[in-house]
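Visitor: Sequence:
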Amino acid sequence: MAAARRCRLPTAPLRPAYPPAARTLRRHSRTLLLALLPPLCRGGACEPWCSQYTCDQPRCAACVDGCGRPFSPPPPPPRPPSAPHSPAVPLNTVGVRRADYWTDGEKIFTNALTGAAQQLRLKGASWFGLEGDPCYPGGATQAAIADNMAFLREHRFNAVRVPLALDAVLAAAAGGRAACQGPDGLFYTFNPDFSGLGYMEMLGLLVRHARDHGILVMLDVHVDRAGVWPDAGRAGLEGRRRLLAGWARLAARFCDAEEYWNVFAADLKNEPHGMYWGPGEGAAYPPHERWDALAAAVGNEVHRACPRWLVFVEGVGHCMVEVAEAHDDLPHPCAAPSAAGQDVAVPTWWGENLQAALEYPVALASRQKLVYSPHVYGPSVYPQPYFWQPDFPANLPPIWRAQWAHISRRRAFPVVIGEWGGRYTGADKVWQDAFVGFLADPRNAIAGSFYWAINPNSADTGGLLSAWGGGGGGAGRPEAAKLQMLSVLAATYVPTATTLPPLHPSPAASPAPPAARAPLAPPARAGGAPPPPPPPAGEAREARPSPRASASPPARPPPSGRTGRAHSAVLLLALRSAVGLLLVAALCEAWRLRRRCPRRRQRLPTDDDGGAQESVPSCEQPRHMRASSASTAVKAGGPSEVARAGYSY
Numbered sequence: 004m005a006a007a008r009r010c011r012l013p014t015a016p017l018r019p020a021y022p023p024a025a026r027t028l029r030r031h032s033r034t035l036l037l038a039l040l041p042p043l044c045r046g047g048a049c050e051p052w053c054s055q056y057t058c059d060q061p062r063c064a065a066c067v068d069g070c071g072r073p074f075s076p077p078p079p080p081p082r083p084p085s086a087p088h089s090p091a092v093p094l095n096t097v098g099v100r101r102a103d104y105w106t107d108g109e110k111i112f113t114n115a116l117t118g119a120a121q122q123l124r125l126k127g128a129s130w131f132g133l134e135g136d137p138c139y140p141g142g143a144t145q146a147a148i149a150d151n152m153a154f155l156r157e158h159r160f161n162a163v164r165v166p167l168a169l170d171a172v173l174a175a176a177a178g179g180r181a182a183c184q185g186p187d188g189l190f191y192t193f194n195p196d197f198s199g200l201g202y203m204e205m206l207g208l209l210v211r212h213a214r215d216h217g218i219l220v221m222l223d224v225h226v227d228r229a230g231v232w233p234d235a236g237r238a239g240l241e242g243r244r245r246l247l248a249g250w251a252r253l254a255a256r257f258c259d260a261e262e263y264w265n266v267f268a269a270d271l272k273n274e275p276h277g278m279y280w281g282p283g284e285g286a287a288y289p290p291h292e293r294w295d296a297l298a299a300a301v302g303n304e305v306h307r308a309c310p311r312w313l314v315f316v317e318g319v320g321h322c323m324v325e326v327a328e329a330h331d332d333l334p335h336p337c338a339a340p341s342a343a344g345q346d347v348a349v350p351t352w353w354g355e356n357l358q359a360a361l362e363y364p365v366a367l368a369s370r371q372k373l374v375y376s377p378h379v380y381g382p383s384v385y386p387q388p389y390f391w392q393p394d395f396p397a398n399l400p401p402i403w404r405a406q407w408a409h410i411s412r413r414r415a416f417p418v419v420i421g422e423w424g425g426r427y428t429g430a431d432k433v434w435q436d437a438f439v440g441f442l443a444d445p446r447n448a449i450a451g452s453f454y455w456a457i458n459p460n461s462a463d464t465g466g467l468l469s470a471w472g473g474g475g476g477g478a479g480r481p482e483a484a485k486l487q488m489l490s491v492l493a494a495t496y497v498p499t500a501t502t503l504p505p506l507h508p509s510p511a512a513s514p515a516p517p518a519a520r521a522p523l524a525p526p527a528r529a530g531g532a533p534p535p536p537p538p539p540a541g542e543a544r545e546a547r548p549s550p551r552a553s554a555s556p557p558a559r560p561p562p563s564g565r566t567g568r569a570h571s572a573v574l575l576l577a578l579r580s581a582v583g584l585l586l587v588a589a590l591c592e593a594w595r596l597r598r599r600c601p602r603r604r605q606r607l608p609t610d611d612d613g614g615a616q617e618s619v620p621s622c623e624q625p626r627h628m629r630a631s632s633a634s635t636a637v638k639a640g641g642p643s644e645v646a647r648a649g650y651s652y
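Per the numbering used here, the very first residue in the sequence shown carries number 4; after that it's consecutive.
Simulated from the structure, these hints should not be mistaken for laboratory data. Predicted model, so just to flag it, every value in this text is computed and none were measured. Take these hints with a grain of salt, some might be off.
Computed spacing ranges between beta-carbons, pair by pair [stated by the list, open to error]:
1) R100 / L586: 52 to 62 Å
2) G199 / G285: 47 to 57 Å
3) A182 / R243: 53 to 63 Å
4) R412 / A286: 34 to 44 Å
Built from N, CA and C at the ideal position, the CB exists for glycine as well.
All chains, please: the whole structure from these sequences, using the hints.
Guide: Put into structure tokens, the structure is as follows:
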């Protein structure tokens with residue numbers, strides 16, 4: 004009877020017979036695919052009916068509770084917006100206006116040199132004379148101003164700091180003649196173009212000479228009255244009014260981005276050592292002598308007239324009120340320190356103390372215009388106690404970090420040393436060698452410095468020249484040892500002639516700088532070969548092409564064979580990726596179709612009466628019913644009937 008029932012089964016095409024090893028491999032591959040498809044196609048699942056006994060089911064692959072799987076980590080927070088590329092240019096006009104200068108962290112940037120934003124490293128020197136009495140540029144009676152500018156250019160300086168007298172600025176702004184101006188005959192021999200000029204016109208001509216030699220200019224209100232130095236280092240109520248008025252006139256006069264693009268900064272007040280930084284209480288701290296507050300007011304006044312300039316702010320002194328009598332336990336007696344939270348055990352130069360600058364920064368309206376500018380000197384100026392300690396000069400870096408280098412090392416604001424220098428002999432040579440090494444160390448992130456000074460007649464420091472030129476012309480006798488010591492400092496190349504770009508320069512219209520020029524800060528050469536010597540000063544001024552001379556960049560060269568092979572490799576990789584994605588999509592679709600339970604009816608063996616049993620979709624049956632149906636089929640006809648019925652595990 005069993006044989007008869009088997010004969011009445013409907014015929015079905017037999018599946019090809021596979022060897023046992025192939026069937027095992029096929030079964031394992033299918034199991035692996037079913038395990039991998041759910042997370043690939045829908046990121047894993049955990050159906051409501053899943054329990055600890057169904058953890059191995061594909062639809063329970065993402066279940067955690069009862070399955071011994073670790074909880075999934077929380078989704079990561081949304082990614083913050085990408086940081087702006089350095090230099091950071093806010094939504095205002097910083098970095099967009101012509102010949103602009105701004106800061107980003109510890110760095111200084113400008114678009115005045117090539118039309119595009121680039122970092123500016125300063126290697127400068129002070130050139131005093133206009134703050135004196137008589138007030139004219141130093142050396143103007145003994146050498147041509149142009150020759151001294153060429154000397155700075157030849158030795159790779161890119162900036163000068165010009166000290167000024169506030170009373171002369173105010174007198175000239177009012178239409179009068181500065182009382183400090185000497186007779187015009189001073190300039191007849193070497194500088195006839197200066198004859199007959201007023202104070203502001205003379206300053207403007209000096210700036211244009213610097214511009215023609217690729218030299219940037221920082222203006223410095225050095226003294227309140229011409230020829231009177233040192234002073235009390237204070238401002239007072241009247242001094243505050245005069246300082247605001249003087250800087251308003253200077254900024255309005257020299258802000259023209261066409262004619263005076265090389266004027267880049269305002270050094271607000273030289274060495275305010277009689278003022279204090281941060282909040283102070285008591286009679287020792289009059290409100291109008293708080294330097295960080297006054298610097299903010301003056302700096303904002305400068306930016307009302309000339310928003311493209313940087314504002315340089317010097318530090319304060321050591322002490323507002325000293326202890327009346329020195330004590331052995333007070334090596335630096337001070338009853339009222341000059342800065343909030345100051346470490347009075349560290350001696351301070353006039354203008355060096357910036358210990359409170361991070362806690363109480365100068366509140367400029369534009370933070371990206373602020374530069375801190377301390378003054379630092381060595382043994383030839385004053386014998387500070389730390390110069391004679393046994394660990395000199397190794398004891399110097401901690402002092403510099405405490406006073407001002409902590410600002411740049413924390414990437415908060417740029418630091419540019421406004422004055423430093425000395426005779427460069429004996430202990431002073433040791434000090435200067437250590438200091439220039441500190442400036443050149445990238446860990447300290449110093450943005451530049453101004454050496455005091457080019458003038459040879461500075462009593463306590465000397466200068467970059469041992470004597471002014473004269474007679475046969477030229478810039479005079481250089482101090483070769485100092486120039487060699489300073490040669491390690493980097494400086495950004497400043498072109499000698501510049502046609503300012505449009506307000507919104509197009510990247511495609513910004514040609515590369517000409518390869519013929521010798522950069523001030525050349526890149527390292529392979530093999531340690533030294534860079535080529537700079538061209539003579541005359542040649543550096545002649546026929547140096549402007550970086551903006553051409554209207555468009557050179558034509559793009561055709562792709563080489565290597566480029567073609569690279570393109571082929573990219574196309575092949577893209578093709579392989581597309582095929583892989585299509586394969587994954589097909590597998591995902593097959594998995595979804597399988598899970599939708601197509602109504603493929605299962606044919607069961609007939610009953611004893613010869614009638615066919617009611618067929619039901621096997622996928623609609625619960626798991627226990629499908630198992631019982633399978634066992635019935637096995638009992639009815641054995642494994643062959645099960646195979647023909649379409650079961651698979």
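Visitor: Give a verdict on every hint.
Guide: Do the hints match the structure? See the list:
1. About 56 Å separates the C-beta atoms of R100 and L586, a value consistent with the hinted range of 52 to 62 Å.
2. Roughly 53 Å separates the CB atoms of G199 and G285, a value that falls within the hinted 47 to 57 Å.
3. Under the hint 53 to 63 Å, the C-beta atoms of A182 and R243, about 22 Å apart, miss the expected range.
4. Between R412 and A286 the Cβ separation comes to about 36 Å, which falls inside the hinted range of 34 to 44 Å.
When each numbered hint is compared with the structure, a violation occurs for hint 3 only.
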